[in-house]
Structure formats: C-alpha cells, structure tokens
Amino acid sequence: MSEYILCFVLFCIGLYCVLRKRNIIKIIIGLGIIEYAVNLFFILLGYRAQGRAPVLAKDQAVTNIVDPLPQALVLTAIVIGLAVTALIVAIAIRIYDKYGTFDITKIRRLKG
Amino acid sequence: MKILPFFVIIPLGSAFLISLLGKKFKKFGDLWANLSTLALFGLSLHSISLVAAHKMLVYKVGGWLPPFGICMVLDGLTSFMLVTVNLVSFLVTVYAVNYMQKFTDKAKFYTLFMLMLAGMHGVIMTGDLFNLFVFLEIASIASYALVAFGTEAEELEASFKYAIMGSVASSFILLAIALVYGYTSTLNLADISLALTQKGGGFLISFASVLFLVGFGLKAALVPFHAWLPDAHPSAPAPISAMLSGVLIKTLGIYAIIRIFFNVFGATTTPVLSIVMFLGVLSMLVGVILALSQWDFKRLLAYHSISQVGYVMLGIGLGTPLGILGGLFHLFNHSVFKSLLFLGSGAVDYSLHTRDLQQMGGLREKMPVTANTNLVASMSIAGIPPFNGFWSKLWIILACVQAYIQSSKMIYIVYALCAIVGSILTLASFMKVQKYAFFGRLNEKWQNIKEVPGLMQLSMVFLALICIVSSLLVMSSFKPFLDSAADALLAGGGYQEAVFANVK
Amino acid sequence: MELNLLLLFMIFSAIVAVQIEDLLSSVIAVGAVGLGLSLAFLVLKAPDLAITQLVVEILCLIILIRATIKKDLPFSTSGRWVFNTMSTVVFVVMFLLFAFFALRELPRFGAPIMRVAQEYIATGLQKTGAANLVSSVILDFRAYDTLGEATVLFTAVIGVLAVIRKVGRINNEKS
Amino acid sequence: MKNPEPGMTLIVKTITRLTVGLILLYGIYIVLHGHLTPGGGFAGGVIIALSFIHLMLAFGKETALKKLSEARASLIESLGAIMFLSIGVLGIAGGYFLFNFFVDKGRPFHLFSAGTIPFCNIAISLKVGAGLFIIFAALIIFRSLGSEE
Chain V
1 MSEYILCFVL FCIGLYCVLR KRNIIKIIIG LGIIEYAVNL FFILLGYRAQ
51 GRAPVLAKDQ AVTNIVDPLP QALVLTAIVI GLAVTALIVA IAIRIYDKYG
101 TFDITKIRRL KG
Chain S
1 MKILPFFVII PLGSAFLISL LGKKFKKFGD LWANLSTLAL FGLSLHSISL
51 VAAHKMLVYK VGGWLPPFGI CMVLDGLTSF MLVTVNLVSF LVTVYAVNYM
101 QKFTDKAKFY TLFMLMLAGM HGVIMTGDLF NLFVFLEIAS IASYALVAFG
151 TEAEELEASF KYAIMGSVAS SFILLAIALV YGYTSTLNLA DISLALTQKG
201 GGFLISFASV LFLVGFGLKA ALVPFHAWLP DAHPSAPAPI SAMLSGVLIK
251 TLGIYAIIRI FFNVFGATTT PVLSIVMFLG VLSMLVGVIL ALSQWDFKRL
301 LAYHSISQVG YVMLGIGLGT PLGILGGLFH LFNHSVFKSL LFLGSGAVDY
351 SLHTRDLQQM GGLREKMPVT ANTNLVASMS IAGIPPFNGF WSKLWIILAC
401 VQAYIQSSKM IYIVYALCAI VGSILTLASF MKVQKYAFFG RLNEKWQNIK
451 EVPGLMQLSM VFLALICIVS SLLVMSSFKP FLDSAADALL AGGGYQEAVF
501 ANVK
Chain Y
1 MELNLLLLFM IFSAIVAVQI EDLLSSVIAV GAVGLGLSLA FLVLKAPDLA
51 ITQLVVEILC LIILIRATIK KDLPFSTSGR WVFNTMSTVV FVVMFLLFAF
101 FALRELPRFG APIMRVAQEY IATGLQKTGA ANLVSSVILD FRAYDTLGEA
151 TVLFTAVIGV LAVIRKVGRI NNEKS
Chain G
1 MKNPEPGMTL IVKTITRLTV GLILLYGIYI VLHGHLTPGG GFAGGVIIAL
51 SFIHLMLAFG KETALKKLSE ARASLIESLG AIMFLSIGVL GIAGGYFLFN
101 FFVDKGRPFH LFSAGTIPFC NIAISLKVGA GLFIIFAALI IFRSLGSEE
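Protein chains in written order, with the working numbering: chain V, 1 to 112; chain S, 1 to 504; chain Y, 1 to 175; chain G, 1 to 149.
Incorrect hints may appear among the rest.
As the list claims (entries may be wrong) - Pulled a few chain G residues facing chain V out of the computed Cβ check, cut under 7 Å:
no., residue
1, G95
2, Y96
3, F109
4, I135
FYI, nobody ran anything at the bench for these hints, they're computed from the structure. Glycine is no exception: its CB is placed at the ideal position from the N, C-alpha and C atoms.
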C-alpha cells in the first residue's frame, strides 16, 4: 500500500511541475516525471511477492512467476512517452528559434 | 467478417507507402490518399449492411479468444462512427488536393493524415481498453504535428499548448486504465464489465471514471478543459481543422466516453450521466458566448465546435432512447456542417489570405460557390427548419421535455431552455458571419480575387448536399441506420453477452 | 523495503528536478529519476523493462540536453503566482486524498489477481514457442498493440521531420 | 572558436572507434535473442540507434551521415514498417490478422523457435533504430543551421 501512495506522490510532483512552471523545458521535464510515475504504478500492480522474472529457462519448472501482462503494456507506454517527448522537444526548439525565449509568459502572440 | 482488419490495414499501408514513394512521384500522394479514403468510405457503407445482417461481429486479432487476445468489435455504434469519419475524411482529401499546394512537402501531410485516420479507426474498432489508448496516442501525435504543419510562430505555440494538454490527458487515461486493470486484472472491455458485474464497482471505479472523464473530456474539449481548442483549430491548415473539429474530437472524446460509460461501467445507475449532462450544458453556453465576440473567422468556428459538442453531450447524457438518438444524429450533422464551415473558411483564406471578418465584405459576387455552401452550413448549424441541424436539436430539446415529464425534475426544463438560448445565439453569431463576409458591398481590395479551384468547390458542394439530404434520416426509411447505433448504447450491459456470444 | 527507499530517492530527485533554477542540472536530475525507475523495474522482476527504460532514458537525456545546451538564460521567476500555486496545491492534495481511498480497494501489494495472466504463464511456451513470456505477450497474444506501438514511433518521426522543416508555407505573394 | 575538425577530442574518438562496434553487436544480439532472453525489438532497436548517435556525437555530423545517410535511414524505416505490416497481413492467409503461422517448426529454447516472433523483432528493431537515428539527425542538422544564421 505504501508503494502505491509514493508512486502517486511522484505523479503529483510531475503534475505540479506541468501546471505550475513557466519554462518550456521544465514543463517537458514534468511530463517525463508523470510518465515515469504511471509506468511504475502499472508494474507495482503486477508484482507478486517472491515472484520470478517471466523468462522461462531450459529445464527449470518455474512456479511463482510475476504477471507478464503489465510488463508488455509498460514497454509500449515507455516508447509512447519517448515519441511524445521527442515531438514536444522538436516543437520547443522551433519555438525557441522563433520567439527567442523558453518562458511561456513571453510567448503570448495568440490572444485568449 | 474478413473486412474488419482492413479498416486499419488500408490507412496504415497507404501511410507507409506514401512516406516511401511520396518524394519520388509528385502526384502519388494525392492519388493514393484519395483512392484509399474512397475505398474506406465504400467499406464503411458495406459495414452498415453487415451490421443490419447480424447485429454484432467480433474479429479475434491473432486468432486468440477475447480475454487473452485483442478483439475488434463491429456493432451499430461502430459502423455509425465509421460512416461519419470516412465521409468527412474522403471529402477533405478531395479538398486538400488543391489547398495543400500552398504548403511545402505534401507527402508528409498525406502520411500524417492517413496515420491520424488509422488512429481514429483503431479507436472506433477496438474492443480492448489498452489498445484504445495506443490508437488514441497515434491519432493525437499525428494531430499535434499536423496543427504545427505550416511552421509559423502562432501555429507552433498553439501546437505546443495542444501537445502538453493532450499528453497530460493521456497520462490521466493511462492511470485510469492501470487502476481498472489492478481491480479487475483484465483489459477486454466485455471482460471488464463482466468482472464488474460479479465484483461490484466500489469507490475505485468511480475514481477511475472521474479520471476517464477528465482525460477524454480534455480530448473532447468539454468546458473546463477547452483552453487548447480555440488556439489549435484555427492555426491548423483548413482541411486539418475540418478533420479536427468535425471528427477527431468526436472519436477520441465523445465516442470513448459513451463506449466506456454506457457499455463497460454501466452508467445508467451512477451519477456520471448527470455530470456529463451538466458539462454539456456548460460548454454549450460558454462556447457560444465566447464565440459572439470573435472577429477571426476560424476562431469563431472553433468556439462553436465547443458549444455543439455540448449539445451532443447533453443529448447522450439524458440516457433516454430519444435523447441518445438526438445526440448521435447531432454528432453526425455536426461533423458534416462544421467541416463544411471550416472548408469554406479555408477557401476564403486561400484566395484572400486573411481570416479577419472586418476586412472581408460582399464576397458573394466573386466566390458564389463558397458563399452558397457556407450559407447552407450556417443555416443548418443555426437550426433553420429544412436543414439537418434543426431536426437533431429538436430531438434533443424534445428529449429534455420528455425527461422532465417522466421525472418532473426542474433541471431538465433549465437544460431545454439553455439549448434553445444557445441555438438562438448561434443563429445570431452566424448571421454576423454572413453579413460581414459574404453579403454587403464588395470591398475594393478584393476586386480581382477569383473562385477557388474546382476540386475544392466539388467537395464543398457535396458536403452541402449531404447537409440537406441527411435531414431525410428523420424518416423511417433511413432511421434504422441511427436506431442500430442508439440500440448499441441502450444495450448497456448487454454488450458483454453479445461479444462473448458472437466470438466464434 | 528497498523498494520504498528507491521510491523515496526518486521522489527526492524529482523535487530537485522541479525546483532547481539551472536547466541543465534539472535535466540531469530527471535522468536520476529515470535511472532510479530502471532500478525499480529490476527490483520488481521486470528485466525486459529495465533494459528498455535504461536505453530510452539515455536517448531522452541526450535529446533534452541537446535542447538546452546554450539556451539556459538567467532563469527569473518575476511575479509570485500566488493564486496559481494555491490552486495547484489544493488540486494536488484533493487528488491524493481521493487516490488514497481508491487505492485501499486494490488487492494487496504483491498479490495480484492474475485472471488473464495465469493463461499466459501456463500455455505461453507451447502456444507461442517463445521462452520470454513478455515477448510472447507483446508479439503474439497482443501483437495488435505492438503494431500500434510501431506506428506511434513512425508518426513521431514523421511529425518531427514535418515540424523541423525550415519553410512551411509557400507564401507566393498574389494580389 | 569552433575547433578545426568536427567532433570531440582525439581521446574520445579513439575510444569511440573501439566501442561503437561492440555497442552495435550487443544491440543486434538483443534483437535476435528477443524471444529467449530479456530485451527484444524495441530495446535492441534503441541500442542500434544509440551506436550511430554515439558515432555522430564523437566524430561530428558528416562522418556519421556518410555511414548512414538520412535518405537511406528513412528508407530503412519505411521498409521495417511495411515488413511488420506484411507479416500481419500474411497472418490473414493463416486465418486471422497477425496470426503466428509457423509456430510449430522450431523447438523451444533454440534460436529459430518462435514462429514469426523473431521476424517481427527484426522488423521492429529496423524501424525503431532508423527512426530514432532520423529524429536525432534532424535535431542536430537543425541546430547547426540555426547557429550559423
């Protein structure tokens, strides 16, 4: 139970950073932390006490195996996080190229 | 039965091919994109007959039984959404052939467009929760890049804001999926509702449904989360803002909310429906009030998208058969006339290079086709009788009154009044658009502008025809198309039995 | 027990990443969080993910450092955003409170109800022939997910190339 | 003052000459043994991309692009994507989309043992490796253009 709460605290730190910070790179960092927290929470759900890694060896009957399904999902989620971060960093670099600053309060050409 | 996976294979295959061959043969991108969207439109019409024949089709991807593998589900609601998506996307590709000459690198545009289409088809077809998240990500990432396609300063800022709010929403959705997986330890939609009926949803399920509502509400631009839409849609190129407003916020937002809350969580009992209705009415009013003060043509249309999405959510949130029917019919109508409006604004932008209503004036003589099709679309969005917008809004208001008669709660009358007031304000706002842009004296600056090229006119005229023809859906001959979609939602918990019964 | 320590280390370095002024050192602090996560995956018996997370983390760091090398201006937070801070903190506390009540209903940590996973473990080897069960789940039981996954990366690559290109619009000056 | 020849100092270059081959070999090992040991198409593909990026950081842009030019990389990426999709479509011949058709050929725990899984792994690693290399090359090329203006 304590692991779940700590994982949610990490999620809230990332959320706080995205909602509160004004520098574009800090917002991207906040997004990264949110993705780490969600991936960690998925794996915490699949952990089995004294479990074994889900890789079968040649001649060993492995009994107590950890849940492989969340691991497959988190592999996908990690690469999605990388793809989104790469795209947002590309947009941020172009914004820096056009506006000359990373501070979102100064990037206010759009009204409303 | 075999055609189900082709809804995803065709757009993906053509995306990869266009990115491979698009640079070498200049015309390949246009030709191939039009061909594949036409083929998809034909397939979706065929899917209606499939659903009419045997109510639900389940396709086991990879040959595994549903709880262990992923399955694709084709029922009334799915075929309804497929027809809406493919109708708009085919006409937008026809429009984009001419419009995109103003942009560099057309091959990348068509690749991203087909990927967004593949993402939307994946979201509509899938019967698996995590799979819905993956295809939702594909459509979202493609739309982030497409909003920033004409790399100007405003577009980059709008796309950045859209990308940040979009990925925060996706993280909320993934967190909710993790919670639901932890509780039921299965990912198939039918299996989850089975586990929930056995186990009974506790506080965790209502917490997860709030997270889902926040995540999908942000993708559907419901009011508290609508900040990104008025910036993202105007700065996208016209065919893309037509796709975004017409179809993307519906498949990623509304379709996902109604599929999860009606068929998986069994929403009829929980208070979620009343929250959805309240958000719908809120966005209806806030959207149209903010739209009144806009002078940028496309920003005005973007605010109207928020208010029309509110109508659909109000209709579906009622939960009564007439309400759901009205909501779905309005969803179809809104896709048609909103994309026509955005294509019209793109046509004006194409020849005048400006979006500011105050500089326009009397474009009727110079651009007759654009002006008339825009008039038809403005009439139907404002709900003038002969056009389709009137019938769907009428059904929604009647459903509110009917709900009031049954439960005699005052709130439904307030919602009905808000719907009527919203409709009147929409009419006022679009009269302003027509007066400043198309009627009145021709501004001397625009003496020598000429009408937009042929293909753009063709797609706008075709959309306007659909605006008029689709009011026939009210009659009994075409109604089963809508009824099958509404029954899929009204079945609610019946979704799980149907999926397990139909998996051969 | 060591998992809680690892989590506390990650939370501490996340706070450092958020609060520190200099951009480059906050990027390094996020790298620490990512590597802590990779260690956590090892402790939670997920070797597949540890490798992938480590390698993706390195790539993410390189991309982020690439974006901030000579661009870290003197970082100044001028006005105190009092209202914004208060509303964010209230929202976060409410979120944590509700999350606490929801998490109590989850099965105990370390005892997942493996309704579908039991089948993967029991029949994974002879049905798919792969010794690594995670690979069999990714590429056979749920191969459709991985197709979507590969498309996500393909979209991101085309998206980056579309955003990075120098001139977007051919503004041929007409009339 | 930009140092005369691109890339980093001599020490970094010599170490890179030694390690780049090993990293690439390790990446290919991870991909090919994806269904036997931990790791797979994704992890292996990223390692392969990192070996090229390592080369690019140490020796500067021109030499790395000589090794794998951007046009060839996007060609490899699209080919990898089409290969994975065609394995899926071939599955339809065996009954269902993405069906693992010749699973019973190989014996378990041997290299060619898990039907289409190794081929899917190879297709994904091609795609992931080439794709990430293109992303990094695009960011680097953009910066060098940016700094000269």
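Against the structure, the hints come out as follows:
1. About 23 Å separates the beta-carbon of G95 (chain G) from the nearest beta-carbon of chain V, more than 7 Å, and the hint is not met.
2. The interface hint given for Y96 (chain G) is violated, since its Cβ lies 19 Å from the closest Cβ of chain V, which is over the 7 Å cut-off.
3. Residue-level restraint check for F109 (chain G) holds (minimum Cβ-Cβ distance to chain V is 5 Å; threshold 7 Å).
4. A cut of 7 Å between beta carbons decides the hint on I135 (chain G): the least distance to chain V is about 5 Å, and the hint holds.
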